[in-house]
Structure formats: C-alpha cells, structure tokens
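Quick mapping for you: the protein sequence lines, in order, are chains V and C. Residues 1 to 267 (our numbering) make up the first sequence, in order. Residues 1 to 532 (our numbering) make up the second sequence, in order.
Hints in this document: simulated from the structure, not taken from any laboratory. Keep in mind that the hints are not guaranteed to be accurate.
Said to hold, decoys possible - In silico DSSO-like cross-links for lysine-lysine, where the CA-CA straight-line distance does not exceed 30 Å:
no.: 1; chain 1: C; residue 1: 235; chain 2: V; residue 2: 228
no.: 2; chain 1: C; residue 1: 304; chain 2: C; residue 2: 406
no.: 3; chain 1: V; residue 1: 230; chain 2: V; residue 2: 210
no.: 4; chain 1: C; residue 1: 70; chain 2: V; residue 2: 228
no.: 5; chain 1: C; residue 1: 70; chain 2: C; residue 2: 458
no.: 6; chain 1: V; residue 1: 230; chain 2: C; residue 2: 235
no.: 7; chain 1: V; residue 1: 2; chain 2: V; residue 2: 70
no.: 8; chain 1: C; residue 1: 422; chain 2: C; residue 2: 407
no.: 9; chain 1: V; residue 1: 74; chain 2: V; residue 2: 88
Stated by the list, open to error - Covered stretches of chain V, as calculated for chain C (at least 3 residues, CB under 8 Å):
no.: 10; segment: 78-87
no.: 11; segment: 104-116
no.: 12; segment: 157-166
no.: 13; segment: 247-254
The beta-carbon is built from N, C-alpha and C at its ideal position, and this holds for glycine as well.
Chain by chain, the residues run as shown.
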Amino acid sequence: MKTFWCLLFVLWPIIAITACVVAPSMNWWFPGEAASPLGQRIDDLFYLINVIVTLVFVGTQIALGYVLFKGAAKRDDDKAWFSHGSHKLEVIWTIVPGGILLFLAFYQMDVWGEFRIKGHFPKDVEAVAEVTARQFEWRIRYPAPGRPLMQDRQPDDLYTVNDLHVPTGRPVLINLRTADVQHAFFSPELRVKQDAVPGLIIPVWFEIPKRGEYTLTCAELCGWGHYKMKARIAAEPEAEFRQYLEQLQIEQNDDGFPDDAGEDEGD
Amino acid sequence: MWHRNPKRERGIGPSLTFRVRIGMQTTYVDRCNFLGIPTRLLAGLLLCLLVCGGCFQPPDAEFSLSERTKGLSQPARTGYPEEQIPGLEDRLADRFGTPNVLHAWMRLPVNYGGHIGKVVEVTGEAGLNVSFGTDVETFQDEDRTLTVMSGDHIGETIPVSAYSAESALIQTSGSGPALAAGDRIVLDFGATLSAGRRDYMTHCVHCHGTGGDGNGPTAQYLNPRPRDYRSGVFKFGSTARTSRISRDDLGRIIRNGIPGTYMPSFMLLPDDELTAITEYVRWLAMRGEYERAMVIELESDFSKEAVKGTPQPELRESLTEFLQGEFEEMINESADLFAEAWKTADTDEVIVRPDVPRVPDTPESRHRGRMLFLSDKTKCANCHGERGRGDGPQTQDYADNPLTRKKYPEPGLHDAWGQVVKPRDLTTGIYRGGRRPIDLFRRIHDGINGTPMPENGKVLKDEEVWDLVNFVLSMPFEGRPAVPDTAGRMAHATQRGVIPGELPPAGISTARQTTFVNPGRAVASKPPPATR
Numbered sequence: 001m002k003t004f005w006c007l008l009f010v011l012w013p014i015i016a017i018t019a020c021v022v023a024p025s026m027n028w029w030f031p032g033e034a035a036s037p038l039g040q041r042i043d044d045l046f047y048l049i050n051v052i053v054t055l056v057f058v059g060t061q062i063a064l065g066y067v068l069f070k071g072a073a074k075r076d077d078d079k080a081w082f083s084h085g086s087h088k089l090e091v092i093w094t095i096v097p098g099g100i101l102l103f104l105a106f107y108q109m110d111v112w113g114e115f116r117i118k119g120h121f122p123k124d125v126e127a128v129a130e131v132t133a134r135q136f137e138w139r140i141r142y143p144a145p146g147r148p149l150m151q152d153r154q155p156d157d158l159y160t161v162n163d164l165h166v167p168t169g170r171p172v173l174i175n176l177r178t179a180d181v182q183h184a185f186f187s188p189e190l191r192v193k194q195d196a197v198p199g200l201i202i203p204v205w206f207e208i209p210k211r212g213e214y215t216l217t218c219a220e221l222c223g224w225g226h227y228k229m230k231a232r233i234a235a236e237p238e239a240e241f242r243q244y245l246e247q248l249q250i251e252q253n254d255d256g257f258p259d260d261a262g263e264d265e266g267d
Numbered sequence: 001m002w003h004r005n006p007k008r009e010r011g012i013g014p015s016l017t018f019r020v021r022i023g024m025q026t027t028y029v030d031r032c033n034f035l036g037i038p039t040r041l042l043a044g045l046l047l048c049l050l051v052c053g054g055c056f057q058p059p060d061a062e063f064s065l066s067e068r069t070k071g072l073s074q075p076a077r078t079g080y081p082e083e084q085i086p087g088l089e090d091r092l093a094d095r096f097g098t099p100n101v102l103h104a105w106m107r108l109p110v111n112y113g114g115h116i117g118k119v120v121e122v123t124g125e126a127g128l129n130v131s132f133g134t135d136v137e138t139f140q141d142e143d144r145t146l147t148v149m150s151g152d153h154i155g156e157t158i159p160v161s162a163y164s165a166e167s168a169l170i171q172t173s174g175s176g177p178a179l180a181a182g183d184r185i186v187l188d189f190g191a192t193l194s195a196g197r198r199d200y201m202t203h204c205v206h207c208h209g210t211g212g213d214g215n216g217p218t219a220q221y222l223n224p225r226p227r228d229y230r231s232g233v234f235k236f237g238s239t240a241r242t243s244r245i246s247r248d249d250l251g252r253i254i255r256n257g258i259p260g261t262y263m264p265s266f267m268l269l270p271d272d273e274l275t276a277i278t279e280y281v282r283w284l285a286m287r288g289e290y291e292r293a294m295v296i297e298l299e300s301d302f303s304k305e306a307v308k309g310t311p312q313p314e315l316r317e318s319l320t321e322f323l324q325g326e327f328e329e330m331i332n333e334s335a336d337l338f339a340e341a342w343k344t345a346d347t348d349e350v351i352v353r354p355d356v357p358r359v360p361d362t363p364e365s366r367h368r369g370r371m372l373f374l375s376d377k378t379k380c381a382n383c384h385g386e387r388g389r390g391d392g393p394q395t396q397d398y399a400d401n402p403l404t405r406k407k408y409p410e411p412g413l414h415d416a417w418g419q420v421v422k423p424r425d426l427t428t429g430i431y432r433g434g435r436r437p438i439d440l441f442r443r444i445h446d447g448i449n450g451t452p453m454p455e456n457g458k459v460l461k462d463e464e465v466w467d468l469v470n471f472v473l474s475m476p477f478e479g480r481p482a483v484p485d486t487a488g489r490m491a492h493a494t495q496r497g498v499i500p501g502e503l504p505p506a507g508i509s510t511a512r513q514t515t516f517v518n519p520g521r522a523v524a525s526k527p528p529p530a531t532r
C-alpha cells in the first residue's frame, strides 16, 4: 500500500510536467498558432509564465517531498522540535515571488501597451473599417476606396454585415462600437479580445500576415441571440482588398438600370 | 445554530424554545436530505444523468392554426369524421402534413428537392438503369428512397439500397411498384424541403414560429415583431407591389438581415442551407395562404356567422354537401391562383426596373426631390414628416381598419398585420429594404407591401422618383456641421433649420470635409459612383 501511495503522488507531478512540456507542440492551449505577430508575443508571454510556474511547482514539490521523507525517516523516540520560524527564510520566500511578479508586471508592459494604448500603436496603422456590434450581428462600415475612415458616416461609405475584409501584411485598425448593449470583439486566432462599450468608440488594431479567413465572435453574453453573433474576418492582399471595396461600391451604387455595368450583381 | 431565546429568560418556558429548535432542524432535514442522500448531490446526479443521457424527447412540433381558423365551427374545421367528410384542418394536414411529416403538394411551385431522373432500363428483379439530370454520387445506404413521378404509381416510393455512378445502376429493395423504362423518378424526393425544415428549426423558429406565424418564443421581446408569413406578404422585394416576392429577394433578406430590426444576417451559412431555408419559408407562406383561402371560401359561401363558433345543426346537410363537393374545386382554384403568383414572382417581368438610369445626384436633383417630398402629389411628408423624421401628422391620426371599417383603438399607421407601423425616420441612414439606389427606387416606386407606403410610381415619372431617391439619400447628412470634428470626438449633429423649399445655392465643394450638406448653404456633390 505504501508503494501505491508513493507512486500515485509521484505520478501527478509527472503528468503535470509532461502536460506543460507537450502542450505547446500539441496545441492544447490555443486554437492553433497565433495569426498575428502581436498574438505571437502574447503567446510567448503565456509560455514564459507557464515555464516560471512549472519551475516553481516542481521546486516546491521537491522541497515538500524532501521534508516529508526526512521526517518519516526519524526514529519514534526523537522528540519533536518546535520552531518559531526563521526570519531569514520568511524574507526570502516573500521577496523571491514578489520579484517574479514584478518582473512579469514590467516584462509584459510592452505588449500590453502596444495592444491597448493608443500612443504605442504601430506608427503606420490605418483605420480600415468601423465595426458596430448589434444584437445579434456585426455591422461593418468601410470608407470609399482611397478615402480615410471618418468618425461620422459619409455619403460614400460602404456597408456590409458579418464580413470584415482587411488587407494583409500591415497593421490595420478598426473602430469598435456597439449599437445597443455590451458586446466583445473576439478573434481567437488573432488573440484579440476587446469589449464594445455603449457610447465609446474603441480602436482595436491587429496585423494579419497571411491570407485567410478568421473567426470573429462575440465574447460577452449579450442576450438570447449571443450565439448567433459569428462573423468572418477575411484577410487578403492589398490589391484584392481594394478590389473588394470597389466591387462593393459598384454593388452599393446599383441603380438597376439594364445598361449598367454593375447591373443587379448584388442580388 | 443556537440563539438565546429572550423569552426563556423571561420565564415563558423552555418547551417553546425546544419546539422552535426541532422545527428548525426539521426544515433543515427537509430541505437538504432525501432518504439520507443530500439533495444537492441528488440534483447533481440527476443533472449529470440528463446531460449524459440526452434530454427528454421534445413534444411533437405542430403548425399552429390561424386565429380565423380557430374561430370556425367544429364541423367546418374537422368535417364530419363519422361520415368521413374532411374539414379544413384535414385538408390542410393532407396537403402539407405536420412539421414531423411534411407532405409535398405538387400543385405548388416549390422545389422540394431530390435528383430527378428517368428509368432507362429495368434490369432483373431489383435493378434499374437510370439517368439523372444532376450528378449523383455512388452510395450504399438503406435510408434512401426513389419516388415515382409518372405512370400509374405516381407518388409511391421504393426503398433504394445502393447506386453506382459508373454503371448508373440503382439497386432497389425489390418491393414496391414495378417500374418500366421511361418512367420518371426522383431520388431523395423532398430533400431540400426537409433540409429547410431542419435549418429553419435551428435558426428561425424561435422568432418566426413553427408555422411561420411570427409568434415564436422570442417574438414577444421584439419590436418590430417578426414577420408572419402566412399571408404570403413580404415587405422588401424587388418585384412589383401586386406580386409575390422572388426566391432571390428572400435569399437576400436571409443573407443580409434587415438593418434596424432583429432580423440578423445569416451570411455565413452555406449556400445550400440558405436555398433550403428560402424554399421552406416559401412553402410555409403557401401553407398559410392555402389555409386562409379555405377560410375565405367557407365564409363567403355560407356567411361569416354560419361557420363561426358553435356548430349549427341545421347547416349540417348543406355543409356536408359543400365540403364533399365544390369546396375541393374552389380551393384548388385559389391554390392555383397563388401558385401562379409565386411562380411569376421568379420571372423577370415582375421585377421593378427604372426606365431611365439614376438622375445624377446634384443639388438641383435633391432640391426637386425635396419639393416632391413636400408636395401634395406624393404626400411623403404626411407620414414621414417635413424633416423626414417619421413624425408626420398621419402618425397622430386614428386610422380606419380596412377590414372592419372601424377606427383602430390607437393612433398611427397600421400594417397588414394590424400592428402600428412607424414611418421610417429617413435621417438615421438605416434602410431596412437595402441601401442601394435601386432598393430605394423600388420602395418609392412600388411602395412597401403590407404597409401604408403607397405606389408612387403611379403618379411620378421615373426621373422624379430618382430625384426623390437622391433627396432621401442625402437626408442623413443634412444639418451636420460643415467640417466634422477631426480631433477624434464624435461630431454632434445639430438639427439646424432645414428650411423646406429653400433653393440651395450652387456652391459646390469637392473637399471631403464638405461632403456634408449644410442646410441651405453649401451643398456638396457626391463623388460619382465608379460605374459611370
């Protein structure tokens, strides 16, 4: 029985450590590799914390095991020894974790700042669209091709729903708003999550190097149709993105007259 | 838990305190223990069981009947079962089935789905050499069926066990009617409709209801209410006001949603699911129309009072005769009428198209539009208000109900579903029926079905409609400051005096910042669309 318990308690740390080591390569933590450079850095932060926590976990377990086994090895007639604690040890195990936490707090600041603080956004970031969350869909407003995105609606703006197209290879910014209650703009592959708060226009930036379709969902329980709020982020090269906007412009200006080039293509 | 009882100290007696304690303990036991097992644990176990074992079998779904049908007398609804004379409900169930067992009525222009083919040759007991119009993959499956579409056995089904695409050979189970070369057959008949039912039940039913009555469980929280399809009337189509809506229009609404309402966009659903939902919704609409046609037929042949409420024994003979005889023919005629209407809706001839291309969006055109908007010819301002904010005098009026010829109990405009409908606030820039110029043209030219929005195409030339479109599209940008606040704050649009009828000067600026229309002062030109 003794061996059983020993083995059991040895087994758990082994499983835990193996899981920590294997997880990144097996993609257990995240839905695939981060699709944006900043997402990659967020993942790196996660893994760094993971490594530190693993080391601390293993260390404390070893220390605990050492104390237990050493205590068990003592003979029965040894008298118990009472200690009022060691000031030195107390100081050490207060300062060391404090130091680690401080290190983490400062180390992640760069990433946090770049992600959330306007002054630290990439210099060349450009607003491509305004995304308005609404029960229960994402309404998207683009400026006309070649125009900047304005805070207010413009007569030549282009509108879509649940389909956000962005150019690849450069940082892009969307202005996030909500038309009703609180929603959250969440793209798991891009590691972007930002609440949409009534009355605020919140800039959210990201960069997608590779062409592809990425998920956009709502991550804030916003009502009975919350599950319906799924949309697509389609990243495509600059030229195609522009072409997409131009096509959208043609469709949106469709006047249904038969001789027209963009005749009823939106139907 | 033990609290000192103050009464005990005053000498009222220990027995009282004792009882209270027992009482407390009893409640405790009651609430948290059952046969010695803590109820919390029990509830947890029960929940696990439910989750693991799947939930209960849901109750059978049913197509609800309309209020008018429910108001009919028993014999009109269910006939005389003892004499095997079918009533309205029997006919409805026969033609359309229930949500669990759908019936396909070939009189309707519904694409029920399946692979249409022809028997080329009968090979042996259970082999058929067939040619399909569409690609059918090789399969080996016991659940699929072949439906006979011609000959004596029309409508009968034969179970199919396998099909090979190379040899075009179908293996049937051998049972069922014998087929001959040249017989028309359909593999998986009804596949689209039943796929439509599945997707409708997943995405749409909670608002629009099982039968499309717009009264699903979530409907009561919505304003505007979800559409009740059963009249066959849909608001936003590309077809003329008098015709039904086309498949394309329905698909477009499902794909894009309706901005400004709770109808969300289902753009990300695969195309085949969208097609299936569209077909199912059309079918539901036709079911509703059929039901209504029967009620109207009954009410007009007898009288409203005669077929209403409590059964009238003296009517028995004539009702029997009617239900057995000409009723069938009459409702088939009505069905043919609306079937034809649904069929025509998908043809090109009913699509509303302008005779002239859009009039260039100039200040002059907008001005003409404004004058029309305020004129007696269109009476736009009567409902939409002089500033287009949806607050015209009609919204305060008590209107007549066209059915009962009595005044509605509440003021405002009413739609065909008897609900108060607000004229659109045109300054918000939200266009329910779509924001393309052609969408607005159609709304103005042919009105909006089921609402008081009239067909202005009758009184206006197409050029004038385009002027109105240009004016309406410019309305959200009226009264804004000429230069928006670029400091990143939201510019507050102030509704400064839009003076109706004042001719704007021709000062046109092309700068981006002045694309706003400053009322009565600077009017900017819209950059021409890329098409011309």
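Handout entry: Given hint residue 228 (chain V) paired with residue 70 (chain C) - CA-CA distance at most 30 Å
Key = 34 Å, violated
Handout entry: residue 422 (chain C) paired with residue 407 (chain C) [C-alpha distance capped at 30 Å]
Key = 17 Å, holds
Practice task
Please work out if residue 74 (chain V) and residue 88 (chain V) have their alpha carbons no farther apart than 30 Å.
Solution key: 26 Å, holds
Handout entry: Distance restraint between residue 304 (chain C) and residue 406 (chain C), which requires alpha-carbon spacing of 30 Å or less
Key = 18 Å, holds
Handout entry: Per-stretch coverage check for the segment 78-87 of chain V, three Cβ contacts closer than 8 Å to chain C
Key = Check failed, 0 qualifying residues.
Handout entry: Per-stretch coverage check for the segment 247-254 of chain V, three Cβ contacts closer than 8 Å to chain C
Key = holds (count 6)
Practice task
Measure nothing beyond the straight line between the CA atoms of residue 230 (chain V) and residue 235 (chain C); if it is 30 Å or shorter, mark the hint as holding.
Solution key: 26 Å, holds
Problem - Assertion that chain C covers the segment 104-116 of chain V - criterion: three or more residues, beta-carbon distance below 8 Å - result: n = 0 at 8 Å, threshold three: violated.
Handout entry: Satisfaction of hint between residue 70 (chain V) and residue 2 (chain V), Cα-Cα up to 30 Å
Key = 16 Å, holds
Problem - Pairwise hint evaluation, residue 210 (chain V) against residue 230 (chain V), where the allowed Cα distance is 30 Å at most - result: Given pair residue 230 (chain V), residue 210 (chain V) holds - Cα atoms ~21 Å apart, limit 30 Å.
Handout entry: Given hint residue 458 (chain C) paired with residue 70 (chain C) - CA-CA distance at most 30 Å
Key = 39 Å, violated
Practice task
Would you mind confirming whether the straight-line C-alpha gap from residue 235 (chain C) to residue 228 (chain V) stays at or under 30 Å?
Solution key: Status holds; Cα separation ~24 Å.
Checked against the numbered hints given earlier, the structure breaks hints 4, 5, 10 and 11 and satisfies all the rest.
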